[in-house]
Amino acid sequence: MDRIIELLDVWKAYDGVQALRGLNLDVYKGEIFGLLGPNGAGKTTTIKIIVGLLRMDRGTVRVNNFDITEEPYRYKKFIGYVPESVSLPDYLTLEEFLIYSGKIRGVPNEQIRERMNHYINLFELEDKRKALILSLSRGMRQKAAIAAALINDPEILILDEPFIGIDPAGQHAIKEIFNERVNDGKTIFISTHMLDTAERLCSRVAIIHNGQNVASGDLKKLQRLSEVGENATLEEVFLKLTEEAKEPVVEEAAERRRRSFLGLIGRKT
Amino acid sequence: MASNIILDIYRLKIKIFFGSFRASKISLALLALYALGLLPSVFGFSLMITSAVNQENANIDMYIENLAAIISGFISIILLLTLRGYTAFEYEQGLIFTSPITPRKFLFASLFADLTESLPFTHPIFILFGAVAYSLSMRALSALTMLFIIILFIFMLLFLKISLSIINSLYKKPWLRAMLLILIVLSLLPALAGLSADFPLKYNLLPHPSTFLARSLINIVYENGLQLLDSIGLFSYFIFSLALFMFVSGKNFFQHVTYIPFISPFDASMRAQTLKMERTIKTFSRMGLIFTLNVESKSLLGFLMKKEMIRMLRDGSLFSVIFLYAILIVVMSFTSVSGSQGKEAPAPIFFMFFMGTYSLITPLMLISNWRFSDFENIWIPLTSNLDPRTFAKALLYDLIIIASLVPAVMSLILSVISGVSILLPLILIVLTSIIGSSTNLYLMIRFSGKRRRSTPSFLIGWASMLLSGLLLIPTYILILLGMHLKIDDAINALISIPMLAYSIFIMKYFLKKTGENIVNMEV
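Chains as they are written, first to last, in my numbering: chain X, 1 to 269; chain L, 270 to 792.
Source of the hints: derived by calculation from the structure; they are not laboratory data.
Among the hints, erroneous ones may be present.
Below, a list of computed lysine to aspartate or glutamate pairs in the DMTMM-like style, where the Cα atoms sit at most 20 Å apart [unchecked claim]:
1. 130(X) - 565(L)
2. 567(L) - 235(X)
3. 567(L) - 467(L)
4. 128(X) - 386(L)
Pair by pair, the computed Cβ-Cβ distance ranges are [claimed, not checked]:
5. 239(X) - 384(L): 52 to 60 Å
6. 196(X) - 728(L): 42 to 50 Å
7. 774(L) - 73(X): 33 to 41 Å
8. 71(X) - 774(L): 53 to 61 Å
9. 346(L) - 179(X): 31 to 39 Å
10. 138(X) - 678(L): 36 to 44 Å
11. 22(X) - 678(L): 55 to 63 Å
12. 674(L) - 171(X): 42 to 50 Å
13. 281(L) - 16(X): 36 to 44 Å
Selected chain X positions facing chain L (in silico; Cβ < 10 Å) [as the list claims (entries may be wrong)]:
14. 51
15. 81
16. 88
17. 130
18. 239
As the structure is a computational prediction, the values presented were derived from the model and not from experiment.
Even glycine gets a Cβ: it sits at the ideal position worked out from N, Cα and C.
If we strip away everything but chain L, and leave its shape as in the complex, we get:
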């Protein structure tokens, strides 16, 4: 009987979550596109991992440190998410919480539903696991042990997330949140060892769950066998989280739940995207309120640029870009191999490939966010006596600034860490951001008017990336030649001047076209 109820709730949640596939076939295409788009990265990562494992004189301790730091990062994100308390969808309030279902049954159904719902997004991890196991010719027993440990760890994280969220909802004590925040900071502290080898605190020395997991995985990969201490450590954490879960699931927390509107991640409609953006604004606006828009700006262009900057800060756009490049830095640091001289530079072609791809994606991310968070408000400038071209100019300049500045700073950090030359990446970043931002803004505006607004954003994004890529061919040729012929930095800098003029010409052309489109836009 109990299992029937759990199954019923599970089915209901799954049907609602995947319901949008019935409404829109575009969602299916979107999912297929997402899965296909991730495959090259997954195989790229598997190659990286395989080559790192097969490296002669590989520094296993450093691998464990790096992997433990990444896992700690995941744990910290999970812990951060628990701070807002237990959240449920609005439909659950009327359908489930008013029925005689007990909290424990609901939680078990939710747990399995969450796992199922996450599969479309987390399946690349399993593909990566399979690819690594295959390319390292791992024994079946080792591969299965590894898989078992990963699944055990995922359940541990889920139990912890649910339990701590409920505790936060039930008790709402500031000291509880403060303790969690301190725990997050402390658990991330040993990651600083990645920046300085002399840092005394290391994951290897701590009984941290990420250390146990990282050590277990690396030992299995190197066929060193599982160490008893690691197994006991991991299992203890799992048992602790399970016990905590069983304890809190006995509490009646239904009246303490925070409700959020349900929007399927597969709903590609503009309305759904805008609603999702509202949630993001709620999260990021607290930080963004440090900077305010005041009346004192002298130039209108400057004022509008400031306003767009504030939007990017408060709707999470800036954070997304920083996060994207932070991942790149982690990946690059991971590919740096340890030698007697410390860390060596990753392959320049590999670095440039990632930098080129990310620089192309960044303007698209920024402009898509603008479409979802601010396009509905375009009636405000359009019904004022402001020349819409000034509005377009402010938006474009901000896009270029963010799309150049964040990667430039990140490249600088990376060049400090691994000694990569900064000039060619910088040329690539600046030129890509100028051309990419201009084409993305133009196409997004062109397809945002009343007549064409049903065009899905991802299709506009594809078209923009294609157009940007084509216009960037001269830049790519310059970069490849610079790398292949090992051209001197001074000459590269000299050649980049006409390239910069070319990209400014492209920018001005698209700015003019964007202005024309805004002037004639119907909303």
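If we strip away everything but chain X, and leave its shape as in the complex, we get:
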């Protein structure tokens, strides 16, 4: 299978926290890929680096064969992104927002109209077409953000916690869209806490913890790696792997402190 997203030894620190520590990740074309991890594991940081909202300190990221550091704009033509906490221009109507999203992605006018009507209809937002974003509920805003991310028919759809605040019918519609896109050879990259959804939806997942890839692959592979048995759920695999991953990190931190201490003495002498 073709790699569509590739992260090689990616490091990122901010606000005095080492968020990513040499993260490696591969996402293949035509799959629904799930990025899992406990709070603070580095999921959002990873996604923000991929979509260009954060700069990595070290490492390489390739998206659709573009090195994102060398070509920071062109690759974005192939992605659609929905952030975790969606902030949208409250002063625009839903229709205007979708037009804006399409225009800045260079989508031809006719396609903007066509896709806008399609997604407004699909998400049952017809009566909100001329309403200001400000007046939309949280779930509707999330739907609007997903529609905007799809307006350029991207090769890769990247979503950070996409199901939060969306009603069951909306979740169903989104999952349908995911499946349709994957059938068309497109890729879905999601980050989620909802392990049962990830288990049913994703063809492959990666579990990250403390900024490192603890394990990645399909459920069968993860069951083998975690040694929790072949009937284990993704939740059991997740808990086992993230629990195991804690120890080396603690040891690593202690080792770093020790080295730093020795280095200090070395400089003094």
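Fit chain L to the known structure of chain X by using the hints.
Just chain L now, kept in the frame of chain X:
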């Protein structure tokens, strides 16, 4: 017992309102800065009023007309605010409206709390009053009478505001709103006399509350004593508003209240500012929906500029700028003195000083509003294949257009009213808006990334104004020379060409730097 409950609610409201001072010392600094910043304007106004009063052959009738028009403006704003009905903070719903407190007790506590809470903002009025009374060497009795009348009028306005808001909430009748709107228009109609002396409707001829107040104040200032008719008129309006207040406070309006989230005006955090902006968008978006963003734009830059224009219209930015210059026009008209030839021009240096200061503030206002209403959405262009420099260019061009166009139109109006020459103000406005917008946008973007976003906006604003001011020194020299040496308009126009080239050079430099900052921005 009743007074204890009123006092308890009062204390609770005050504690919540001023609570943010405990959380952030920056808020205290901000308040001190606000108070200090207003002092020069207050003393400037007091000097203006004193010199107008001491003018020989002063036209007292015209003063009364002008003052009555300003007061009517205030009354109209209060009446407009009542149209949305009675509003209460969300915390009041759970804490107060579910307790056995009666509406009247709640209203009295709210009234006194509102008065206390408004003091940090309205204290300049009292400083102005003191300064005017002192510089006019008013007798203590006259000064106290004046103060009493002003306080009586403030209470009248508050009683009216509360009563009409509750009536609007209780009855929600369209005809009631229509009547109020007609009342507002009618009460502002005599203000047109300020534009044309031949206009037949004048405040002086009407039993309007603003006429009674304006006449009382002017008569006290000129030591003419209070006229019985004015006293009776003012007192009647006060009694009427009090009676209305007592009547509506007996109604159970709690279940008809519109709730709004509570955000202290002293909360300087970005979150609070964004929430405040949401409220403004709610208010202005109705008007702004006349213009819509459609798919047909040919150039991307043009499309983005249109989108920014729509934002400025719907988030109230455009209104704020127009309002700022409308105040300037009122002030300028007020300083125009009546002579045999009609109105004379205000002192050019005074006009240029105000124009220069306002032109410097305008880009800061616009860019601060962008930071609060749209910065959180910058992820949308940043995650698209749009070159962020195009986005910066669209924003900057719009800032320059609004920051030049509104003051230019206002200057034109003023020049028509008072015959001030338009060329030098126009040069000042255009150059200030180009340089001011460029520096403001650059610094705001530079301090908006993930690493520096906790920097309070007012500090960025100060730095931007300082930088703009320094870069504008050549412009100020040109303007001062033009005024002092009374240089011919044609020569001024000629000299302004290299100045324009200089400001465009500054704009291009900062646009490049802004683009670099956006490209490397982390959000």
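Go through the numbered hints given earlier and state which of them the structure violates, listing their numbers in rising order.
-> 2, 3, 4, 7, 8, 9 and 18
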